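The letter at position 16 of the sequence shown is residue 21 when you use my numbering, and the numbering goes up by one with no holes.
Derived from the structure by calculation, the hints contain no laboratory data. Check each hint, because a few of them may be wrong.
Subject to a maximum C-alpha distance of 27 Å in a straight line, what follows is the list of computed DSSO-like cross-link-like pairs (lysine-lysine) [what the hints assert, rightly or not]:
1) Lys9 / Lys25
2) Lys24 / Lys9
3) Lys25 / Lys15
4) Lys15 / Lys31
Fair warning: this is a prediction, and the values are worked out from it, not measured in the lab.
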Amino acid sequence: MGMKDQFQDKAQELSERAKKQMAGAKDEASERSSQGRDAADQARERGQEAADQTSDRARDQFDS
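Using the sequences and the hints given, assemble the complete structure.
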């Protein structure tokens with residue numbers, strides 16, 4: 006397996022992890038919606054930030 010393949014595999018893995026984190030954040034946001042809109046918004050923002058960080062890491066590793 007070449008280096009390019011390894012980076013592509015790692016990027017795919019990190020992308021899938023980001024999607025799972027987003028799904029978890031959505032679930033958490035749904036649970037918190039009954040507690041108030043602010044809590045749900047904060048959970049969604051945290052999920053988006055986590056996904057963005059994971060995607061950025063994947064992109065950085067792929068570009069290296």
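Legend entry - Agreement of Lys25 and Lys15 with the hint, judged by alpha carbon distance not exceeding 27 Å: Within the cut-off at roughly 15 Å; holds.
Inset, instruction - Could you grab the alpha-carbon distance between Lys9 and Lys25 and see if it respects the 27 Å cut-off? - result: Distance of about 24 Å is within 27 Å: holds.
Legend entry - Given pair status - Lys31, Lys15, alpha carbons within 27 Å: Holds. Lys15 to Lys31 sits at ~24 Å (cutoff 27 Å).
Legend entry - Pair hint Lys24 and Lys9, alpha-carbon separation not exceeding 27 Å: holds (22 Å)
Violation of the numbered hints given earlier is absent; every hint is satisfied by the structure.
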